[in-house]
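Trainee: Listed here are the chains, written in short residue letters.
There are 2 protein chains.
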Amino acid sequence: MSIATTPSPPYYAVIFTTVRTDVDKEYIEMANKMDELAKEQTGYLGHESAREELGITVSYWDSLESIKKWKQNTEHLFAQQKGREIWYDSYKTRICKVERDYGFEK
Amino acid sequence: MSIATTPSPPYYAVIFTTVRTDVDKEYIEMANKMDELAKEQTGYLGHESAREELGITVSYWDSLESIKKWKQNTEHLFAQQKGREIWYDSYKTRICKVERDYGFEK
Numbered sequence: 136m137s138i139a140t141t142p143s144p145p146y147y148a149v150i151f152t153t154v155r156t157d158v159d160k161e162y163i164e165m166a167n168k169m170d171e172l173a174k175e176q177t178g179y180l181g182h183e184s185a186r187e188e189l190g191i192t193v194s195y196w197d198s199l200e201s202i203k204k205w206k207q208n209t210e211h212l213f214a215q216q217k218g219r220e221i222w223y224d225s226y227k228t229r230i231c232k233v234e235r236d237y238g239f240e241k
Numbered sequence: 136m137s138i139a140t141t142p143s144p145p146y147y148a149v150i151f152t153t154v155r156t157d158v159d160k161e162y163i164e165m166a167n168k169m170d171e172l173a174k175e176q177t178g179y180l181g182h183e184s185a186r187e188e189l190g191i192t193v194s195y196w197d198s199l200e201s202i203k204k205w206k207q208n209t210e211h212l213f214a215q216q217k218g219r220e221i222w223y224d225s226y227k228t229r230i231c232k233v234e235r236d237y238g239f240e241k
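So the protein sequences, as listed, match chains Z and P.
Take the position in the first sequence, starting the count at 1, then add 135; the result is the number in our numbering.
Take the position in the second sequence, starting the count at 1, then add 135; the result is the number in our numbering.
Check before you lean on any hint, since a few could be wrong.
Where chains are identical, the list cannot tell them apart; a pair therefore holds if satisfied intra-copy or between any two copies.
Distance condition first, Cα-Cα at most 30 Å in a straight line; then the derived DSBU-like pairs of lysine-lysine [stated by the list, open to error]:
#: 1; residue 1: K160; residue 2: K232
#: 2; residue 1: K241; residue 2: K160
#: 3; residue 1: K241; residue 2: K204
#: 4; residue 1: K227; residue 2: K160
#: 5; residue 1: K217; residue 2: K227
#: 6; residue 1: K217; residue 2: K203
#: 7; residue 1: K204; residue 2: K232
#: 8; residue 1: K217; residue 2: K241
#: 9; residue 1: K206; residue 2: K241
#: 10; residue 1: K203; residue 2: K227
#: 11; residue 1: K206; residue 2: K227
Note that these hints are calculated values from the structure, not bench results.
Isolated chain Z, as found in the complex (with noise of 0.2 Å):
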């Protein structure tokens, strides 16, 4: 995984940070299943993820209207209620647009 490689502001930000149940089953899969469904999503433009205590995944969309139809998809809608029942102990979704950005890379 690497930095996501987006367009010039402004775009948009769900930030998605997660506290797991000690509850691994089909987890794994659920959640690449998920990566590789949101890629497929129009207006999709990136993600980046990383776990410790805490997980955090922030994907990049290049709109509210996107955003909205990939919280409604139904293999995902399956997923979330999945994640609530299972995977989750508690989560916090912000959706968010990004009016600045700067880089640097050696």
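Given the coordinates of chain Z, work out where chain P should sit on it, guided by the hints.
Mentor: Okay, now just chain P, sitting in the frame of chain Z:
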């Protein structure tokens, strides 16, 4: 570390995504020092952090003005310079307005 407790939107987020070099010298000390220093700044609301291949740190702020002041803090400027010289191969900083959020807790 737990999910940051943030007020109702709008508020601001700084998504700082990094790729580290293999130089650990003084990194942890400086990272901890910057965490502590950030907490003392006007307008700081909280932060979340995780590292695997990528490091992702999201800090939350009450305004763009608070973010700007933190960016220009003298000790933070010094840490930023050392980061580019020593600890980071690459990074991207994204300044965002959080427009909507929702969560889940068991």
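Trainee: Each hint should be assessed against the structure and marked as holding or not.
Mentor: Evaluation of the provided hints:
no. : hint        : in the structure
1   : K160 / K232 : neither (34 Å within a copy, 36 Å between copies)
2   : K241 / K160 : between (40 Å within a copy, 18 Å between copies)
3   : K241 / K204 : between (37 Å within a copy, 26 Å between copies)
4   : K227 / K160 : within (22 Å within a copy, 34 Å between copies)
5   : K217 / K227 : within (16 Å within a copy, 32 Å between copies)
6   : K217 / K203 : within (19 Å within a copy, 40 Å between copies)
7   : K204 / K232 : both (17 Å within a copy, 21 Å between copies)
8   : K217 / K241 : between (41 Å within a copy, 13 Å between copies)
9   : K206 / K241 : between (36 Å within a copy, 21 Å between copies)
10  : K203 / K227 : both (16 Å within a copy, 25 Å between copies)
11  : K206 / K227 : both (14 Å within a copy, 26 Å between copies)
In this structure, only the earlier hint numbered 1 is contradicted, and the remaining ones agree with it.
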